[in-house]
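Protein chains: 4
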Amino acid sequence: MSPARLRVSVVGAAGYGGGELLRLLLDHPGADVRQATSRRFAGEPVSLVHPNLRSFRPLPFCRPEDVAPCDALFLSLPNGESMGEMDRWMKTGAVVIDLGADFRLRRPEDWRTWYASDHARPEFLERFVYGLPEIAREKVRTADYIAGPGCEAAASILGLYPLVKHGIVRSGAVVVDAKIGSSAAGAAPAEATHHPERAGVVRTYKPTGHRHTVEIVRAMETAGGSPSLHVTATAIGMVRGILATIHVFPDAGSVSEKDVWKAYRATYADEPFVRIIKQGRGLYRLPEPKILQGTNYCDIGFELEDGGRRLVVLSALDNLVKGAAGNAVQCFNLRAGFPETTGLEFPGLHPVGS
Amino acid sequence: MSPARLRVSVVGAAGYGGGELLRLLLDHPGADVRQATSRRFAGEPVSLVHPNLRSFRPLPFCRPEDVAPCDALFLSLPNGESMGEMDRWMKTGAVVIDLGADFRLRRPEDWRTWYASDHARPEFLERFVYGLPEIAREKVRTADYIAGPGCEAAASILGLYPLVKHGIVRSGAVVVDAKIGSSAAGAAPAEATHHPERAGVVRTYKPTGHRHTVEIVRAMETAGGSPSLHVTATAIGMVRGILATIHVFPDAGSVSEKDVWKAYRATYADEPFVRIIKQGRGLYRLPEPKILQGTNYCDIGFELEDGGRRLVVLSALDNLVKGAAGNAVQCFNLRAGFPETTGLEFPGLHPVGS
Amino acid sequence: MSPARLRVSVVGAAGYGGGELLRLLLDHPGADVRQATSRRFAGEPVSLVHPNLRSFRPLPFCRPEDVAPCDALFLSLPNGESMGEMDRWMKTGAVVIDLGADFRLRRPEDWRTWYASDHARPEFLERFVYGLPEIAREKVRTADYIAGPGCEAAASILGLYPLVKHGIVRSGAVVVDAKIGSSAAGAAPAEATHHPERAGVVRTYKPTGHRHTVEIVRAMETAGGSPSLHVTATAIGMVRGILATIHVFPDAGSVSEKDVWKAYRATYADEPFVRIIKQGRGLYRLPEPKILQGTNYCDIGFELEDGGRRLVVLSALDNLVKGAAGNAVQCFNLRAGFPETTGLEFPGLHPVGS
Amino acid sequence: MSPARLRVSVVGAAGYGGGELLRLLLDHPGADVRQATSRRFAGEPVSLVHPNLRSFRPLPFCRPEDVAPCDALFLSLPNGESMGEMDRWMKTGAVVIDLGADFRLRRPEDWRTWYASDHARPEFLERFVYGLPEIAREKVRTADYIAGPGCEAAASILGLYPLVKHGIVRSGAVVVDAKIGSSAAGAAPAEATHHPERAGVVRTYKPTGHRHTVEIVRAMETAGGSPSLHVTATAIGMVRGILATIHVFPDAGSVSEKDVWKAYRATYADEPFVRIIKQGRGLYRLPEPKILQGTNYCDIGFELEDGGRRLVVLSALDNLVKGAAGNAVQCFNLRAGFPETTGLEFPGLHPVGS
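Going down the list, the sequences are from chains A, B, C and D. Residue numbers for the first sequence follow the numbering used here, beginning at 1 and rising by one. Residue numbers for the second sequence follow the numbering used here, beginning at 1 and rising by one. Residue numbers for the third sequence follow the numbering used here, beginning at 1 and rising by one. Residue numbers for the fourth sequence follow the numbering used here, beginning at 1 and rising by one.
Be aware that one or more of the hints could be misleading.
Identical chains blur together in the list; that is why a pair holds if it fits in one copy or across any two.
Said to hold, decoys possible - List of simulated lysine to aspartate or glutamate pairs, DMTMM-like, C-alpha gap at most 20 Å:
hint	residue 1	residue 2
1	K262	E85
2	K206	E257
3	K258	E221
4	K91	D110
5	K206	E305
6	K91	E305
7	K278	E44
8	K91	E65
9	K206	E303
10	K258	E85
11	K165	D110
12	K206	E221
13	K278	D144
14	K262	D27
15	K206	E44
16	K278	E305
Please keep in mind that the hints were generated in silico from the structure rather than gathered at the bench.
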């Protein structure tokens, strides 16, 4: 790909990740959105499902079968649905960016363990790059096949990576207590997301065994460590957003504030989308997801317990943007040679609900 | 029925109206809950679906076919589902109290007009009493067949009835602008109630043509008038509750505050569940539904526009209690000879979300 | 002003309207934001109060006294606070755009009637243009002094103006039943906005006598009519947004769908920020405020009651954008000769809470 | 005290804890509510502040100075405000039940460490019993001075106590990640609880250093252990409720499900207000606070990570009931010889927001 108006298409565009891709790409100066697929809504305008897209030129959904070759193909399908047809997608898109889980893991046995099925295309796993620019920017620049991280994994990895890389926690215990909005469950109605049941909920739906755990574990290995990772996920009554509260027990028994600062600054000083939030005062002195809705930021902050025995890291993002579509566009920018922030400049709102 | 422990059963107990009936009846000193039906959950404990019922003795759902004769049978089924089997229910329950729409209207043609189908048992319509005690208490006391009002109709009728009866509005225009919580849509998941789509919504889903209109019209006729009724329904982001904002244009061109007070006092002075809320100060100086969650109250207040040209009435209730199950238990109490408030004493919470 | 980087400053920048102005202007290619005032937070960065502004260059609050001459001065102060110092603001800004109520009315007696005080600078009232581009675009293009409409007035006027202009309702009754989010109450904590009291509320805080009524009345006069206007305002549990449900009784007794369409199309066909939303299907077939958060759109839709006796108009917008800061920037664009949509392109989010 | 109608009064009755005490006591067959104090609202009816109390007989607030001797005096004051006048309260109430923090700790140095001030009446500390019936029932039965636990402490202690007592964790690490509703911040408006800022928030306001930590530590000591306790508190967008997600690392390296069950059953089998929730299926298979609003239950559930290396305990309650007023009434019942559940029978609602 070379910087110009590139032809892009979105497969699975009626879902929430797909809709967010359309919002970002239809506004992107370097993207020419050609097609958006939905088997169910083929022929209907994309704005029937995503009413915010009314402000763009009309675009109808087409069937997945009808996707034409393009420069970059984005896939936003339920877990397990992209792998079976990946041969075809690889022929359709010069670059393929998959937001789903199918190609996030390098080892087929990881898939089997965490997704309880055999992988349909294990031979392709090595060809995909784990598309989190902050830990794999150079690989993303040249990758033809990119797998975006899980939303909860993205928040956790961005919070933990510098700590592992800088030796603060390589073998100690880490508890990730994640609070997650309802859009992470996708666009299909179900009992768990029926409004009267879901509104105002504080529901720890995954006390243990969250599938994103393995993504975090593998990412930590690339940072040089294997902390003892414990992930718990709680659904709360917002639509968009994740806050990962990460409780870290440092390897050395304790850690100083200066060392933590150093680790984060060394890793993220030049990152356009990771901000260290640690104000001394004000309501928003630590990261919060609600003001990040619609933005591609991951805000990170921390606090030490007396003597540094425990380090509490807060990592917040919008699960549909930095946790999915925005991060994918960031990868697209890198791969295509656009400035990394192109099309991702929305600063977020204040005040705002969630 | 005579005051003692009466055998009661609930058909359609897995829905929200049915669950609320169980909450009230399991705590009712005069009711012995025998059976609760759900085709889908037959054999499972009622607390699987309604977790608040864990605090009562275990009770399993049974199949509708297995309901045994009882003193009072409550039906809480989707519209159109009770009429077909009403012959059977009339043999099962000495008294039948139907929370659904099927027997609310006296005239078969009303059903046809508003529900777009022929009524399956038009011959039974005359045998049912419209079970709103505040306007039909004496009939309810002796009725064997009682049809509870629609939730939106209950709020509107209670707000309007005294005004029509006392001649304030008998032919003038009345606009009912109702704000309604998500539980009114029932327990079945659907796109309109999928949390990410429904949360925070202000959705005027019925600008015109709301089916409860005909109930209100017929009730006003019993009060001696036929105002020009215009109903609009807007879904908002709460779970329980209705606020009907009723804009009244008095027949005489204007009305005095004293006359409005007189109409309400004359009608509701001795009502246990209708309260006139019109404080001069405080946050809660007019009716609001959120503090009524779980209670059987209908709170009514009003304000006059300069000169009394327009009268704004506010009528608030919990759609599942005074708008459904609580009102049905109130009818049950009347019919059985219990004190009218038995089992309906919960005062509501403050503060509380919704 | 001529199209270039114009020097702009915001007085009252710590409030919600002021913060939204900063969000829009800091991203505006033709605006060079020089100063943002807050007496309370002088010296602090604007991002302390508005955390979404972290993504822009640092900007400190300064004291109102220290505002330097600029090309366009935006005022976002509590009602009654801009009038006393307007002499000074007129010397400071070549163009003054006031978001507050002080200069919205042409007649001093209107101010006295609705705001219960004497106007401090009645002689300036005539010099201000009522800055709603859809009804006064040409005046705005050349105005040096612009008063932005109230948020509730903006929604109502945009819904009603075409109907009055095209003779559908010039003397008939109009009921505006507005549902309003909490940000409209401003940034100062108070009992009515304390979260436990305000969350989940449906509170008709202004059944009659809403101050924006007079703005609507005056705007309708410019459209050639004087319908009998009745405004009722209800606070609901969202942060941003207004839905005005407007019940219209046509002068002729009834109106046809075709005539309503014609009125709206004739008025708004070329408007960049007014959209007629009237889809036959889909969840979002009529206007809703939640998907408009952060956007400058006013979405308008309607439905007729049988025979056209009543017309229900729905008008939705974000009170802080099209109802305040976004509309002000739209006026700024017109006055400065920028394309009208500059800096106002955000399409909104889906799904999203509110 | 002996079972009969006892004279009770509430000091600090305009706050949320005080209001909840009134709701429960006005409905309590053994309590005769004599006085309710509020300096600010003296002379006004309690229902002005707590509109749910309209359903009870009128009761005016009086000044604290005017409280007459009674059988049981409930104090619900901001932290630090009861201690200075405790001499007087001890003379006023035969039994004093304090919901505030002032007398929860036995050691004056604990107060100094966690509340950063000297205790005004250290000599009284020993005379107060820590009023959590599940761990101190017999002491409560005979205590004249009872200090109710903090809401977050109550949830944590009830979740942890059996595990410490039964040796599952006596020295290992325990992370308490608590999610808390806005009513826990009290009735006084502030910026942090201003609706536009607080709605939809996920705000980790106390990553470390939560004051309830010391209560939990001391309670664990009475159970025979001193786990390494780490408490983190996150405000979320609900009004009532706490979910404490408790991550436990067993002393033995791992623990079996059977042993955990045994510990909980042995401790809570006969408890009327603690329920072990661990269903295999259904939406509500683990504890959730929203269905507990208004109830006195603490629901506890758990899940083990593979091999039992980590144990995740979920403890849910209503911060104003089991976390404050309901628990106080439970203590009152014990002390007075009433059945322990008297006046605390409300089962909660489903469905419901929060």
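Contradicted hints - numbers only
1, 3, 4, 6, 10, 11, 12, 13, 14, 15
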